[in-house]
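Protein sequence lines, in the order shown, are assigned to chains W and Z. Each residue of the first sequence is one higher than the one before, counting from 1 in the working numbering. Each residue of the second sequence is one higher than the one before, counting from 1001 in the working numbering.
Source of the hints: derived by calculation from the structure; they are not laboratory data. For every residue, glycine included, the Cβ atom is placed at its ideal position computed from N, Cα and C. Treat the hints with care, as some may be off.
With a cut-off of at most 25 angstroms between alpha-carbon atoms, the simulated DSS-like pairs for lysine-lysine come out as follows [claimed, not checked]:
1. W:Lys305 - Z:Lys1251
2. W:Lys299 - Z:Lys1228
3. W:Lys185 - W:Lys39
4. Z:Lys1002 - Z:Lys1118
5. Z:Lys1258 - W:Lys251
6. Z:Lys1299 - W:Lys305
7. Z:Lys1333 - Z:Lys1087
8. W:Lys305 - Z:Lys1228
9. W:Lys228 - Z:Lys1299
10. W:Lys118 - W:Lys267
11. W:Lys228 - Z:Lys1305
12. W:Lys251 - Z:Lys1118
13. W:Lys251 - Z:Lys1087
14. W:Lys251 - Z:Lys1228
15. W:Lys267 - W:Lys299
16. W:Lys299 - Z:Lys1305
17. Z:Lys1258 - W:Lys299
18. Z:Lys1228 - Z:Lys1180
19. Z:Lys1299 - Z:Lys1333
20. Z:Lys1228 - W:Lys258
21. W:Lys87 - W:Lys299
22. Z:Lys1118 - Z:Lys1267
23. Z:Lys1333 - Z:Lys1049
24. Z:Lys1333 - W:Lys228
25. W:Lys228 - Z:Lys1002
26. W:Lys228 - W:Lys260
27. W:Lys228 - Z:Lys1258
28. W:Lys305 - Z:Lys1118
29. W:Lys267 - W:Lys228
30. Z:Lys1228 - Z:Lys1258
31. Z:Lys1118 - Z:Lys1087
32. W:Lys180 - Z:Lys1228
One-sided and incomplete, this derived list gives chain W residues near chain Z with beta-carbon spacing under 8 angstroms [as the list claims (entries may be wrong)]:
33. Ser149
34. Ser153
35. Val186
36. Gln190
37. Gly206
38. Ser243
39. Ser245
40. Arg298
2 protein chains.
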Amino acid sequence: MKTYNVAILGATGAVGQEMLNVLEERDFPVNELRLLASKRSVGKEMTFKNQTYTLQEANEHAFAGMDIVLGAVENDVAEKLLPYAVKAGALVIDNSSAYRLDENVPLVVPEVNPEDIKNHNGIIANPNCSTIIALVAINALHEYAGVESIVASTYQAVSGAGNPGQAELETQVQEILEGKEVQPKVFAYQIAYNVIPQIGGFDENGYTSEEMKMQNEGRKILHHDDLKVTCTCVRVPVMRSHSESLTLTFKNDIDVAKAKELLANAKGVKLVDNPQENQYPMPLDSSNQDLVYVGRIRKDLMRDKALTLWCCGDQVRKGAATNAVQIAIEYVKQNA
Amino acid sequence: MKTYNVAILGATGAVGQEMLNVLEERDFPVNELRLLASKRSVGKEMTFKNQTYTLQEANEHAFAGMDIVLGAVENDVAEKLLPYAVKAGALVIDNSSAYRLDENVPLVVPEVNPEDIKNHNGIIANPNCSTIIALVAINALHEYAGVESIVASTYQAVSGAGNPGQAELETQVQEILEGKEVQPKVFAYQIAYNVIPQIGGFDENGYTSEEMKMQNEGRKILHHDDLKVTCTCVRVPVMRSHSESLTLTFKNDIDVAKAKELLANAKGVKLVDNPQENQYPMPLDSSNQDLVYVGRIRKDLMRDKALTLWCCGDQVRKGAATNAVQIAIEYVKQNA
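Okay, chain W solo, but in the shape it has when bound (with noise of 0.2 angstroms):
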């Protein structure tokens, strides 16, 4: 069996440290791992399938014989590093949203686009987290009815700012309960029992950075320049799942039943539907696991050929750290 020879760019982060979990769980054919971090962090140790492997610094010269780059830094230093990494020979399949919209570059969600992947020049680009999430679970009623708008309103766990942001909503609580003054960090006001309609800077537009990119990543992903999507970010105190509540309006009909129907077959879903027993994705039930939950599925009141649902994903896995890793099987598989 070929094996491969895998660097994990950001090992330390909370993508990385996952891109890790999910390379194990998998049993990805990795030959040789390197594990690459910031100058701090050179030298300490993480494990893989019951090895010690000691973290080197993530520079120019450190993509010699990779095979496949994963990437969690953030755009800046994945702009510096990964064209290195490209030169080196290796695929680098890529977290940041440095290279999502370059039109050399495929934006690839394993369930929705696959065949993208062969048109890389090097680099593989990773979704945003909302985005994965909400396509996964729209998919499969894309593919049936052609959605043509989304209106989103999200519900998105501290997870989104990395292992600062998990850490900042626990130190609130502690201080909250202490009766100490609360001082954010990581977000820029208390998140402990609030909700910060802020994710990203802000466009002349009005809207963020975050809420653009289900717009516009979507169209590239499901190669649908029209697709149309409002989209309202939110950050609230839940650790590692985010949530999203969605409208969508579609080409041709669909009824409840059809929908139900397609998405408890459809890849990556866990159809979590069944309101008399009072079941319906949550975000703590959907975290530390790969699958879009998707349930609370109902015709719009306002139009025809419209649904409401609401979905749910752990945001470190399935919104960052497991699709990189599926993009990274898919293209062996595609190149076995």
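Fit chain Z to the known structure of chain W by using the hints.
Just chain Z now, kept in the frame of chain W:
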């Protein structure tokens, strides 16, 4: 100055307690004050304007001599006892949902339809909390451009389940810190670090009772039988302010600048919309006072004559107690 004999039915609950606070803050012309509660609270004491009042039992004989009865009890108790208050000659302002859609009962948000008060037949109903907050937020836009549809996703505080809801969130946070197992009692599932997409029971159409209220009550309050609302109601781990993401379509043109101008001058509204300074409504900021905060106003990306916005309001106050007392004040003014 004319004074009124006022009773609060359900004085020990979160809403009843807050009604007492708001009566005092607004210096309502109270003559006799009667605080009514269930048998097990009889004899307990509460304070109003530095005077101590002893709780009396809520029963069919408790309303004699009262001019105004503020109802802050569940539907079953409201339906059992409030007809006796009407019979005793009092004006009833009821916070339950029992009478809201009764065609003989006005349903009033004083900033929106104060003129409906005069049509009462003994009972005026206080609308659902999310509906009040949404309608205060959009009323000025509706008067200018005529709202035709609303897609709403809510982020509702635990106070919607009264004092026990707030206590449950605090208890669960503590239990999680201590490594104990969480045992939900008030909510169907753990609410700490989670969100729950169910408030109220499910109708046959897949919507919850809470979700249908915004359409049904909104139509009645706005006298707009064609108003279409698709709503998703979600409980979030926030103490006492509800937030709502609203996407609105209008009959006539309205742009963002005009909407901001209207909302800057709208009754009951505080415009908080300065994205470049990271200023927008948040539930922590809108708690413990009476204004509905509105911001994040932007053009809808799907349709013309459409806007998306975000609003927050204190559920216990403007969503319930304050609105009821405002109705009483408006009633007194109209009958002066």
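Do the hints match the structure? See the list:
Distance restraint check for W:Lys305 and Z:Lys1251: the Cα-Cα separation of roughly 21 angstroms lies within the 25 angstroms cut-off, and the hinted pair is therefore satisfied. Distance hint between W:Lys299 and Z:Lys1228 is fulfilled; the C-alpha atoms sit about 13 angstroms from each other, no more than 25 angstroms. Restraint check for W:Lys185 and W:Lys39: satisfied, since their Cα atoms lie roughly 23 angstroms apart, inside the 25 angstroms limit. Proximity of Z:Lys1002 to Z:Lys1118 is assessed by CA-CA distance (about 19 angstroms); at most 25 angstroms being required, the pair is judged to hold.
Restraint check for Z:Lys1258 and W:Lys251: the C-alpha separation of about 33 angstroms exceeds 25 angstroms, so the hint is violated. For a cut-off of 25 angstroms, the pair hint linking Z:Lys1299 to W:Lys305 stands: about 23 angstroms separates their Cα positions. Between Z:Lys1333 and Z:Lys1087, the direct Cα distance comes to roughly 23 angstroms. Compliance with the 25 angstroms bound is thereby established for this hinted pair. Between W:Lys305 and Z:Lys1228 the CA atoms are separated by roughly 15 angstroms; this keeps the pair inside 25 angstroms, and the hint holds.
Restraint check for W:Lys228 and Z:Lys1299: satisfied, since their Cα atoms lie roughly 13 angstroms apart, inside the 25 angstroms limit. For the hint linking W:Lys118 to W:Lys267, the alpha-carbon distance of about 20 angstroms falls within 25 angstroms, and the restraint holds. Distance check on the hinted pair: W:Lys228 and Z:Lys1305 sit about 15 angstroms apart at the alpha-carbon level, within 25 angstroms; holds. Among the hinted pairs, W:Lys251 with Z:Lys1118 is inconsistent with the structure: their alpha-carbon atoms are about 47 angstroms apart, more than 25 angstroms.
Proposed proximity of W:Lys251 and Z:Lys1087 is contradicted: the alpha carbons are some 56 angstroms apart, above 25 angstroms. Between W:Lys251 and Z:Lys1228, the direct Cα distance comes to roughly 21 angstroms. Compliance with the 25 angstroms bound is thereby established for this hinted pair. A hinted pair counts as satisfied when its Cα atoms are at most 25 angstroms apart, and W:Lys267 with W:Lys299 qualifies at roughly 23 angstroms. As the CA atoms of W:Lys299 and Z:Lys1305 are separated by approximately 23 angstroms, the hinted pair is consistent with the 25 angstroms bound.
Only pairs whose Cα atoms come within 25 angstroms are accepted, and Z:Lys1258 paired with W:Lys299 is rejected, the gap being roughly 33 angstroms. Between Z:Lys1228 and Z:Lys1180 the CA atoms are separated by roughly 45 angstroms; this puts the pair beyond 25 angstroms, and the hint is violated. For the proposed pair Z:Lys1299 and Z:Lys1333, the alpha carbon gap of about 39 angstroms is over 25 angstroms, so the pair is violated. Only pairs whose Cα atoms come within 25 angstroms are accepted, and Z:Lys1228 paired with W:Lys258 is accepted, the gap being roughly 24 angstroms.
Taking the CA atoms of W:Lys87 and W:Lys299, the gap is near 51 angstroms; set against the 25 angstroms cutoff, the hint is violated. Note on Z:Lys1118 and Z:Lys1267: the hinted pairing holds, with a Cα-Cα distance of about 20 angstroms set against a maximum of 25 angstroms. The suggested pairing of Z:Lys1333 with Z:Lys1049 holds, with an alpha-carbon distance near 22 angstroms, which does not exceed 25 angstroms. Proposed proximity of Z:Lys1333 and W:Lys228 is contradicted: the alpha carbons are some 48 angstroms apart, above 25 angstroms.
As the CA atoms of W:Lys228 and Z:Lys1002 are separated by approximately 58 angstroms, the hinted pair breaks the 25 angstroms bound. A C-alpha spacing of about 23 angstroms is found between W:Lys228 and W:Lys260, which places the hinted pair at or below 25 angstroms, so the restraint holds. Simply put, W:Lys228 and Z:Lys1258 have alpha-carbon atoms about 24 angstroms apart, close enough for the 25 angstroms limit, and the pair holds. Under the criterion of a C-alpha separation no larger than 25 angstroms, the hint pairing W:Lys305 with Z:Lys1118 is inconsistent with the structure, at around 42 angstroms.
At roughly 24 angstroms between alpha-carbon atoms, W:Lys267 and W:Lys228 fall within 25 angstroms of each other, so this suggested pair holds. A distance of roughly 23 angstroms separates the Cα atoms of Z:Lys1228 and Z:Lys1258; the hinted pair therefore holds under the 25 angstroms criterion. With a C-alpha separation of about 18 angstroms, the suggested pairing of Z:Lys1118 with Z:Lys1087 holds against the 25 angstroms cut-off. Distance check on the hinted pair: W:Lys180 and Z:Lys1228 sit about 45 angstroms apart at the alpha-carbon level, beyond 25 angstroms; violated.
The beta carbon of W:Ser149 is positioned within 8 angstroms of a beta carbon in chain Z (closest approach about 5 angstroms), and the interface hint is therefore held. Restraint check, W:Ser153 versus chain Z: the minimum CB separation of about 4 angstroms is within 8 angstroms; hint holds. Hint status for W:Val186 relative to chain Z: violated, with the closest Cβ pair at about 14 angstroms, above 8 angstroms. A cut of 8 angstroms between beta carbons decides the hint on W:Gln190: the least distance to chain Z is about 6 angstroms, and the hint holds.
Hint status for W:Gly206 relative to chain Z: holds, with the closest Cβ pair at about 3 angstroms, below 8 angstroms. Because the beta carbon of W:Ser243 sits about 6 angstroms from the nearest beta carbon in chain Z, less than 8 angstroms, this interface hint is met. Given hint, W:Ser245 at the interface with chain Z, holds; its Cβ is 4 angstroms from that chain's nearest Cβ, closer than 8 angstroms. Hint status for W:Arg298: holds, given a least beta-carbon distance of 3 angstroms to chain Z, under 8 angstroms.
Comparing the model with each earlier hint shows violations of hints 5, 12, 13, 17, 18, 19, 21, 24, 25, 28, 32 and 35; every other hint is respected.
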